[in-house]
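Visitor: All chains should be modelled from the sequences, with the hints used to inform the complete structure.
Listed here are the chains, written in short residue letters.
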Amino acid sequence: MGSGGWETARAECGVGRGNLSGSACQGSGAAPPRPSVSAPQSAPVPSDVVRGKRAALFFAAVAILLGLPLWWKTTETYRAPLPYSQISALNALQLRLMVPVTVVFTRDSIPLDDQEKLPFTVVHEREIPLKYKMKIKCRFQKAYRRALDHEEEALSSGSVHEAEAMLAELKEQAEGSLTVYVISEYSSLLPQDMMSYIGPERTAVVRGIMHREAFNIIGRRIIQIAQAMSLTEDVLAAALADHLPEDKWSSDKRRPLKSSLGYEITFSLLNPDPKSHDVHWDIEGAVQHYVWPFLNALSAAGNFSVDSQILYYAMLGVNPRFDPTSFSYYLPMHSLPHVINPVESRLGSSAASLYPVLNFLLYVPELAHSPLYIQDMDGAPVATNAFHSPRWGGIMVYNIDPKAYNASELPVRVEVDMVQVMEVFLAQLRLLFGIAQPQVPPKCLLSGPKNEGLMTWELDQLLWARSVENLATATTTLTSLAQLLGKISNIVIKDDVASEVYRAVAAVQKAAEELASGHLSSAFVASQEAVTSSERAFFDPSLLHLLYFPDDQKFAIYIPLFLPMAVPILLSLVKIFLEMHKSWRKPEKID
Amino acid sequence: MAAPCFFSRLWRAALALLALGSLAASQIEDQAKQFFRSGHTNNWAVLVCTSRFWFNYRHVANTLSVYRSVKRLGIPDSHIVLMLADDMACNARNPKPATVFSHKNMELNVYGDDVEVDYRSYEVTVENFLRVLTGRIPPSTPRSKRLLSDDRSNILIYMTGHGGNGFLKFQDSEEITNIELADAFEQMWQKRRYNELLFIIDTCQGASMYERFYSPNIMALASSQVGEDSLSFQVCPKSLCVSTPGHRTDLFQRDPKHVLITDFFGSVRKVEITTETLSLQRDSQITESSYKEDRMDEELMEPLKYAEQLPVAQIIHQALLAEVWTLPSAPCGMLGSRSWPATFTETEAEGLAPPWGLHSRPVGPYHHGFLQDLWNQAHEVHFLDSRVREGRVEDCSLG
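Protein chains in written order, with numbering that gives the first Met the number 0: chain A, 0 to 590; chain B, 0 to 398.
Hints listed in this document are in silico derivations from the structure and should not be mistaken for laboratory results. Any given hint could turn out to be false.
[Said to hold, decoys possible] Facing chain A, according to a computed beta carbon distance under 10 Å, are these residues of chain B, among others:
#1 D76
#2 P138
#3 I178
#4 D182
#5 Q224
#6 G226
#7 L230
#8 P255
#9 K256
#10 E271
#11 T274
#12 E275
#13 T276
Beta carbons are placed, not taken as given, at the ideal position from N, Cα and C, and that holds for glycine.
Guide: Here is the structure:
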């Protein structure tokens, strides 16, 4: 029956050969019917069969050679080319932090024959032993020279502060550089037992020595001073605290804020008892006088914005305890962590800005709980009556003078002493930024802080630490982006994301160069640009485009499209192949 | 001469050794304590309820219960990302509008009046969820909708809804598979967006969702194994509907026995006493002038009187009163002071009483008097009642 059907089909094909329309044989991808009798090799194959075979082969060729690559190319995730080799080279980046130090020798500081050798340059390089993939070397480039006349004059004045003032007004020092003045061993500029002095403005004074090895000895002292004023292992370890695996729990390293382009600082006055206390604080004047000078000194580290508010009926979440011996209330140290959370929701800090927010709260305790003291671990009241939380801010409790209650009726007018408050808040701000107390070498006199509360070389220290931190963050971000692209195949990289990556890589390299040549401010700017570009590239919303479209769901989409087309082609190819295989076998059989 | 020197040196050496020994012992103890402590400084929570519609009330209730627990233990709203369809409290079918209860005895209203839902209604999608986790958020997103965690954050992720083998259904329109979730966590790990992660999934066949995780520091808990349904025990008795909870701790570096619940569910700030101050110069000129300005302002204003504040403590810890209540005067002056319940049923308000007959119940131990007063007042001024009876949901919510 089946063969009969085929015979008739062949007959029809034969008849309708001349027609181009209506024939069932033409245009179909179906295999031509197999000859039912094993015809000898010499029997002529009808041209339709040949045409049919050619058609099938052509279809298959087009589908496989043209269609498959086209489909593959058009459905692959678009990835603009990225500099993978440069990104992996960043992992092995060697950072060299150069601190240019100018050492000025006065007339009587060193022996005469040593003075003849001036001027020359000495380099002191040391690798910082941190367990981090980026190797960091600290290089102090000391340029020795003789003192000029006006410098000699300044250094022979009565006190070191006068000398400092005279020297400072003469020239402006670049960020990151230091100047050390070497004075005579018996000079009276410094107190007799002090060997050195660190000033507030990137200058230091060191005693000289009349000795054969004068240069070496003085050189060592200078290195000690220069390290205290710029880079020590601790400063760098604190900067890289987030990237180093060990010592996660040291409180010093958890304290500083992460590097960011800007910061928002909020001052809040909490008055839980307005019936008893009518509190006024001149926050605008205080901010103008004390806070803005400090922030302006720090302005190289980021943009700052300051706001303030007064909250009424804001309670602490903790009940203070009564201490009968001193007739006062106290907050024990272990209850302090629970104070912050209930009050935080009322501060509105989340609506302020996208920058990290630092909150400084001044709490005036209610009449029923006055006076209120904060106790430390030993049970003694804290002198400042304040505490702070890393990466959040600080809280200070302001107790009202009990004499204010005597004469007047409630509510009592309270004028907050802003100087006392700002002294504490600015100290907390320094701690939160990671500006630690400097490690001064022995027998060194540290000058008192400037009016702003920040010494210029402390700012330099902050910039060094921030630059290193920024470079570490940018490198990690770029490396993790490259790793992610290798692991997850569904991530799309558009052209603008690729250009951000290129920009980030270039900025990292530029920052490393600038650090190696000692230009701190341009290095910091370049490192900030590196961080912003790399974060922008990593967190671009378009990278998520295809993430929730897993590979196994693609089969469900392609099968209804490709299967109906693929099955006839494959079947025809199989039939052609089997037929050819059979026809090859036959000559062997005969032979 | 040498012998006393030698003995003194020996004595000193012994002392030094002892001191070192005790120091070392205390250091080892410190180190041991620190080793068991997690190194986190802040806590975040991402709570997701992936279903909507009235018959999925229990999912919303579960998510809100976790929200309440987490808030009570200290995580502030700014650190919680809550994704809810939020169509329960003001649903037309809700017999107690503006409430969501976690148990059928209606003891605890987990909706309350200070819920902050970050992603509401149709914003709860797979894409938004993944954007929150990976941080790839459009720049115009407000701060409360972002997960601003860093490498010292412990994150709690709680998901509930309908799930299957390897996927979780989002609002009846899309799914998230376990592979996508694992990839999202890997992206978080690469960018160090978490210190440790606790992933809790409360759906049918929940264990399949954590099978594919491959990033470190993740602990996963599921309410049911693959092939099991996870059903509400209030609907189905425990004997019939039991599912076996599953967990996965192989990716977690610390020993789970030493992990505190509050490492993930609570938030305790690290706090230090401030011991230093700066010294600032006083600028007396400025402070005096500002004082004078304040004085002048005050003389112009009238003396202020402080209003009686709402006795919040009394409302919350309301004792159960069995005696007769006197109603305070109604805001619109419709009622004078009357005693409840004697004259209440006689008023015209009775005809407007809602169908579940709140007013007709006698005063008993299961009434909270003050709240009841407010409720009744509201009915008497025809405010809430008309809207409830017409069942308009839009009036209930604010947007």
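Visitor: Does each hint hold? Answer for all of them.
Guide: To see whether the hints hold, each was checked on the structure:
Because the closest C-beta pair between B/D76 and chain A is about 6 Å apart, less than 10 Å, the hint holds. The criterion of a C-beta within 10 Å of any C-beta in chain A is met by B/P138, whose closest approach is roughly 8 Å, and the hint holds. For B/I178, the shortest C-beta to C-beta distance to chain A is roughly 5 Å, which falls under 10 Å, so the interface hint holds. Contact between B/D182 and chain A, as hinted, is supported at the beta carbon level, the nearest pair being about 5 Å apart and thus within 10 Å.
Look at B/Q224: its Cβ only gets to about 22 Å from chain A, farther than 10 Å, so that hint breaks. Taking 10 Å as the C-beta cut-off, the interface hint given for B/G226 is violated, the closest approach to chain A being about 20 Å. A cut of 10 Å between beta carbons decides the hint on B/L230: the least distance to chain A is about 28 Å, and the hint is violated. For B/P255, the shortest C-beta to C-beta distance to chain A is roughly 19 Å, which exceeds 10 Å, and the interface hint is violated.
Because the beta carbon of B/K256 sits about 20 Å from the nearest beta carbon in chain A, more than 10 Å, this interface hint is broken. Look at B/E271: its Cβ gets to within about 6 Å of chain A, closer than 10 Å, so that hint holds up. Nearest Cβ of chain A to the Cβ of B/T274: about 7 Å, under the 10 Å cut. The hint holds. Given hint, B/E275 at the interface with chain A, holds; its Cβ is 5 Å from that chain's nearest Cβ, closer than 10 Å.
The restraint placing B/T276 at the interface with chain A holds, with a minimum CB-CB distance near 4 Å, inside the 10 Å limit.
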